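Enquirer: Residues per chain, in single letters:
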Amino acid sequence: MNVNISVHPRSSASNSFFAFPNSLFRFTWRYLLSHPLQSALMLLGISLGVAVAVSVDIANASAARAFDLSVEAVVGRSTHYIAGGPSGLPEETYVELRLAGLEIPMAPILSQLAVSPDLGDIPLQLLGVDPFAEQPFRSYLFSEETQASLDQIGAFYSVPGAILISVDLAGRYGVATGDTIQLIVSGQSRTGYIAGLVEPRDALSRRALENLMLADISTVQELSGRLGVLERIDLILPSEKPGEAIQQIQSLLPEGAEILPSEGRSQAVEQMTSAFRTNLTALSLLGLTVGLFLIYNTMTFSVVQRRQVFGTLRALGVSGREIFILVLGEALLVGLLGSLLGILFGIALGRGAVDQVSQTINDVFFTLTVREVSLPTSSLIKGGLLGLAATFFAALLPAWEAAKSPPRRILSRSQLELISAKILARAAFFGALMAVASGVLLATVELSLGASFACIFGVTIGLALTTPWLTQRLMPTASRLLAFIGPLGRLGPREVSGSASRTSSAMAALMVAVAVTIGASLMVGSFRASVINWLDQILSNDIYGSVAGASLSEPAIPIDAEILAQVSSWPGVEAVHLLRNVEVDSPYGPVTVSANDNPNDGNEQVYVAIQGSGSEVWVEVQAGAVLISEPLANRLGLWMGDQITLFTGRGERSFPIVAVFRDYSSSRGNVTMWLENYRDLWNDDAVTAFSARVEVGKNVDAIVAEMQKELNRIQFVNIRSNQGLRIETLEIFDRTFLITRALQLITTAVAFVGVLSAMLALQLEKQRQMGILKAIGLSVRQLWVLTLLETGLIGAVAGIFALPTGYIIAQILLQIINKRSFGWTLQLQLEAAPFIQAFLIAVSAALLAGLYPAFRASRRSAADTIRFD
Amino acid sequence: MSPRAFLQIENLSKTYTEGEQRHFVLRGADLTVGRGEFIALLGASGSGKSTLLNLLSGIDTADDGAIWLDGENLVTMNEAQRTLFRRNYIGFVFQFFNLLPTLTILENASLPLELAGATSAAAKEKARSLLDAVGLAGREQSYPDRLSGGEQQRVAIARALVHDPLLVLADEPTGNLDEDTGSQIMDLLVRLTREAGKNLIMATHNLDNVRRADHVFHLHEGKLVEEADERG
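Line order of the protein sequences matches chains H and R. So for the first sequence, the numbering used here puts the first residue at 1; every next one is plus one. So for the second sequence, the numbering used here puts the first residue at 870; every next one is plus one.
For the record, the hints were derived by calculation from the structure and aren't laboratory data. Nothing here was measured: the structure is a model prediction, and the numbers come from that model. Keep in mind that the hints are not guaranteed to be accurate.
[Claimed, not checked] Short derived list, chain H residues pointing at chain R, Cβ under 10 Å:
#1 T278
#2 G317
#3 E322
[Stated by the list, open to error] Beta-carbon label-pair distances, calculated as ranges:
#4 R/A1006 x H/S858: 39 to 47 Å
#5 H/A348 x R/G1044: 54 to 62 Å
#6 R/G1044 x H/K422: 31 to 39 Å
Note that CB positions come from ideal geometry on N, CA and C, so glycine has one too.
Pulled out of the complex, with its shape left as it was, chain R reads as follows (with noise of 0.2 Å):
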């Protein structure tokens, strides 16, 4: 692993088998990440932005290499390590949401903290906080169906970064956002990301918020190719 290295991909692979077939995602994918940098993760619809997302947080396996982030290596991990790992050091955002419907927004914030193991109080405490700075304060008590999309992936941002992970990813987070709405999470995010120190990944199609990136990828034929000119 590179010193320099916060997050380290080397020589990753992952296929898909359907029926006879195999299809390969990734062939050998390697990148290299510093500590409190933003990624833009770029490519074609089934590219495998989202696998490599996936990978990442230890939800899905790699069939080869190894994923190294804060010294530690993702890919030699068994499920229920990965589990732990996810639940303590990884944040989520999604392109829907994904808010717990029987859960107010306090709840939902303040989960990851309180599976992590913190205390109730000091969970909600946390996540009152987050709420206050996304933006949702008052709304603590209101459950997801109340809110208007771009809220509820307010209160997802404050999920994702209310355990303190060392990184967060975010799968096409404004997909599912108009325009503007969509510019004002992205400048919520990277702020809240970087006043953290946090790492953030994000899978795209918006040039607008490749703009934001430290470094933007590309994802052809299974590698990681780094395209500047992309940032505009």
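Same shape as in the complex, but just chain H (with noise of 0.2 Å):
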């Protein structure tokens, strides 16, 4: 048969260097389908990184969204605001300053949490305005568009009790206009009446009205019980020259009332949290680089196993150029697939993290409701841009080594070990030289928290780098301790070591999720301890009470003076002390002041910086000086023997510090002094909470049970005994955490992806290594031994190299991230709980993965696997 074979005139050649046929796409998508399980595991790995990237960044960015409507809601277009301290402005100021004729839009405001069991028993911004002044300030409260009817403007001003809320609240829990609610404002039961519902003209109004109840100020001062009083003045200050009107406005203002910007104010509230949002997208972020180590593992094996035909295209002809093109290409298609899962999946997943994160803010920081999980796209787009770019640059090193494959040679396996070899020796030194590096400048440099964050993952993968090669040199010693189980014993560690080219990048995923478990136990753990230890310090009292609903640190609702006078008289009780939480305005922001009459706080607490005894520094304190909290002071810069400012009711005061305490209660910090002379410079008489001290032999959980159903009469109260204080701080605090244990779960789910991953490839390899060892005489139970040896040495090894790497990470996550994140310091305690039970993790996990390779070599007929090759 004669055949025409010059079809193809050689003018026409090829010159082109990218010639990329259909051919080789093919080539490439089919060896991904031809490998079903390789190409799953490692869409896994990369979806569930990025799953776990979106979801905290999805709940973090809904509660920020319902902080920033809240906020909204609340300031609206402000520039400044009158604020009248804790006592509050009376309502004459306003009078008198709309009498003055100022060109300037003005509003009063007093607003106050409130729960209603008829609208789901949530916190509500119960918000008291003057409707004929709001229009400037918040538009979509009061504008045409949701105007209500005559009929309900009318009974807006004239019914007791008389509120406005949102077509959606009413719609969500069954109300009506003109139904009456029940209402508890400041631990009083009350009866509010819908006088009207709000029809929110877009979106953002929508949102904003969420979570709002509006009435008439006059309402909310009788709702309230603050009659005459308003919570601040709201102004829009002129652009050009504010400082004019500012002086013009403080000439008419009493006493204790300042002029200050808005925006500290929100300012200050959205940084209380943003060091805990960083914490967890760290976290987060760790999950996608545990999966890094995966994808580079399954690509490095993908072109392991095809070196060959890398080789063969190589001499047909295309370039190595062309080649990592298309490794990268191929990762870079499962990395699309992965980030696109993961994306759906972590939309799943945040919706949960919301509610974790919501709760988180609600127990530590401030009440937030987050109704919405707000799906924004940036978060989308970042979580799929991050899963292509952890795909991207851990691919790169595969795509790098399949382009440089010879042509049409084979490099034996012995050759591929020796350059693995010298790749882990060089992995090894940069390894070390990232972990010491990161080190030095996280105990030198005062980095933020983003780079403080970027140095533990500087000092963890650099660790996680030198782990393979270390384990090079442990296993002749493994072989050595194992040569009593006979010739498996011994061959078990040598092929973890013959195999490093396959293994390394598995063993150092697990160990960098061990290690990170470990540190965040005995982080969590120290934590825990030092809580505990400390409120042994400083609740030295019986009973704890103040009004429901009121934060459990910062109780800031006025107790009715009737219930302290009944706990003063109460049989049973030999002493009572008041304490006073509230929020004062200063030149650095809002600031807590805890103002108690307790003559012994001097000794219950637990002080950083001190000079003297405590019952000295209390007697300064009697005198007119403060404390103030270890994370106020690092947030402000203050320390003992420097002065803090504060806006008190006589003007701008400077207190001396006398000592700086450790205070786990809040990460904003505060400022603590003496009733008296707090009453006296802010001529305010409220009392947020008490302490009772029991007389010796009397039951104190009768009394608190007692107290409690007494004591609702009058007013709301939770009445706690120590112990029950005690129970309720751990139980916030083990919920703090409880994201932080998901996410480490998540992490580690990744990291047992990783080496089953490497475990099955490792096996598919070994198929004929295996099928000899069966023919010569290896009985099945022999081979799961040898798979399950070799796993369970790669998790042993990984256990034991994350315990110093874990310890590190605990280390720096308690001396310096928290101190940065939270402004206080810790101290490390050392247990062997955590430490047995990651190296438990890294075996089980590890033993695990080998089950189904084992399963799969064993049920592999020895006559098939020999031929195979």
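With the hints in hand, could you dock these two chains into one complex?
Expert: Dropping the structure here:
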């Protein structure tokens, strides 16, 4: 037969270096399809990593959005506000300002948190406003579009307890105009009347109105029992020469009233949670980092497996650069699919994470109701890009390795391992350098929180890079130690050492995940122990009381005077101490003041910095000095010997700081002062919490139960025994770290997938070797032992190296991250349990990952596997 | 370069270094081949036959000397130029077939032509006619693992010729086949290359294959020596 093979004229020969025929794409695509398990594991690794990052981002964004809306709803477009301090402003001030004829928009405000059993029992902002003054400030509340009918307006002013709520809120809980509802305001049960429903004009108004109850200012004064008082007066000052306007207004204000920028108020609150959110983001990125090892592992294996094929392609004229692009494209294809899956999975996870994050914000920072899960496009794009970027970087080295495949020549396994040993040595050197450099940076330079986390990553990843090289050094000893098992005991460690090119990245990934588990467990454990010690020191009384619904750590709702009178004369109560917890304004933004009348309080603190004894310091406090908490000291850069300035009811005052004390109740920090001094300066007699000491021999729990029952008739209060308060505090503590544990678990799951993928790859490659071992007499049982010995050793080695790494991570988290995030320092409590648990996790995860490969290997017949090659 | 020469090797040298030691594989080898000739390369294992094929295809680079092919010197080309040269002008037949397992045999056979810039349809049409010529009509959509060794080598021959190369290089093409199948493959390879007027250079140990060659060269101590009597 004659065949004309000259259809392709020489002149048309390709001179392009990038000829990408469809066959090459098919080659890639079919490779992925023909290795479904491998591709699926890689997809899983990427998607889990992306999902965690997306879910945390969604949770953070939802909380931030809810916060912004609540700020927007309350602050509106005001540029400044007149603050009257804890006791508020007399309403005459507003009248005087109006009568002065100033051409400055101003609106009086009195807001209060309220709860209604008829509206889902969630905290809502009861916002008291003057509707006629509102338009320039919060236009969405009283614009023409949202204007209620004349009847409703009439009722709004004339019916006691009249409120307006949004149509959505009413619809959700099945209430309508004309209904009466129960309201709990400042611990008192009140009756609210729904005078009308507000129809929001756009999505923004809808969300802003979600958590609001609007009322006339006089109604809120009645409901909260603050007659004749305004919380503040919002102002819109001209952008040009606002100073002149401020001077003009200031001259009309009573003593103690200050004009402050609105911006500072929201910024201070925003800053409170930013560290918490940064911590979560860092933890979520860890999942992706572990996923990075997994991608690297899978891609390396796919390249190694196809070395011969790449060699053939090179011989056929495919350039190294084309192969590089081919492998990278293959990885990015999986990365794209994995990222898309991860985004979907992240959205689902995000809904759970939102609850966790908002719960923590409520427990630790401030009252925030997150009703809607925000799905910001930026979070989704960020997640997708993160997945693709992680895939790209993880696949770079394998792609380069593939591009270097010599045409046609096939490297033997031993040659590959020789090359791999060189790479491992270089990686170890580079890793050690990275870990040391990051450690030195952390120890010597005052870094931002983000940069500190980058350095923790540097230390962890650096140490992970040294793990495979150190493993190589450790295996001969393991071989000698396991020799008593027989030949398998010697063979197992040699196999681990001899397959470093395949197992190194999985081992490093597992090491990172386990080290982080140890680090986080030690940190949380040490933190918990510090909190328990601290509680032991500060909780010296038997009974503690505050208004129901008030924050446990910073109770700010005033207690009815009748309650305090009853408690003081309660049978069996020996002594009662009062506390006023309040937010006051200062040049640094709002600062919490805790003023108490406990003469022993000086001895009931744990001090970070003090001169003299607790009693001596307390004498100075009684004379006008203050104590500040460690987080406040760190936040404001103040220390013992400095002065702190606060805006008191008598104007700006500076207080000498005589000691700095530990405080884990608030990351914002507080100023502690003598109650009498506070009352004198702020003209505020309110009490927001009390503690009582019970006579020896009396049953504390019985008194608590009785008090709870009796006092609730006057005001809804929470009465807790010393023990009850401790339990509740620790419950909140544990709840705060719930999301941390969940993220840790996912990170370990990603690492597990990494080991499973590595072991499957290895098993696939060693089919022939296993066949030979079976052919020369290795029983199925022995084959199981050998495979599990190998994976167990990988887990054990990862576990061993994770122990010191985890310890280092814990130290950095405790000494540096916690201080920079929340302002407190903690002492490391070394316990064996986290180390033992983590080591067992590493070994179990690895053994578990070895089960399926062992099962597959045992099922394959020797004849098949030998013929396979 | 000699006026009759299509391929001319001049004073070609190649050494490999292993640790401290240098191994001379080629020491000033010379060879002149006319257009359309079939050259058999003989030599003991490790004598440098495969190395010479690698140098002729531009897979490897020589330390010294020149390789003139159709007027171009391979030795002076850089990596990118050699890759393009190989893509356009060289066909390969390996001992272990080296087909791409995830491509069908039609896709395997058409790949070099597609790489050389032909459209997929044109490449497939050409590959189909070659698969027909090597006796694999109707098996175009099969994957390599469904084929016997002999059939895989037929696909490799089709692949080696599909892009109309100047030179076909074959490294022990029957080394992995039984005697009968090997003989059939050789018949096919020689016939197709001769019909197309292509040059074939084959490294082999098989004397039966040697008999079909126009010239037989023996690689001995790094030099090429023509041994006419080897053809029996």
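Enquirer: Run every hint past the structure and note whether it holds.
Expert: Now the hints, each set against the structure:
1. T278: With a minimum Cβ separation of about 45 Å from chain R (threshold 10 Å), the hint on H/T278 is violated.
2. G317: Since the shortest Cβ distance to chain R is 2 Å, the answer is holds.
3. E322: At about 9 Å, which falls below the 10 Å cut-off, the nearest Cβ of chain R leaves the hint on H/E322 intact, so it holds.
4. R/A1006 x H/S858: 39 to 47 Å: At roughly 43 Å between Cβ atoms, H/S858 and R/A1006 fall inside 39 to 47 Å, so the hint holds.
5. H/A348 x R/G1044: 54 to 62 Å: Holds, at about 57 Å.
6. R/G1044 x H/K422: 31 to 39 Å: holds, 33 Å
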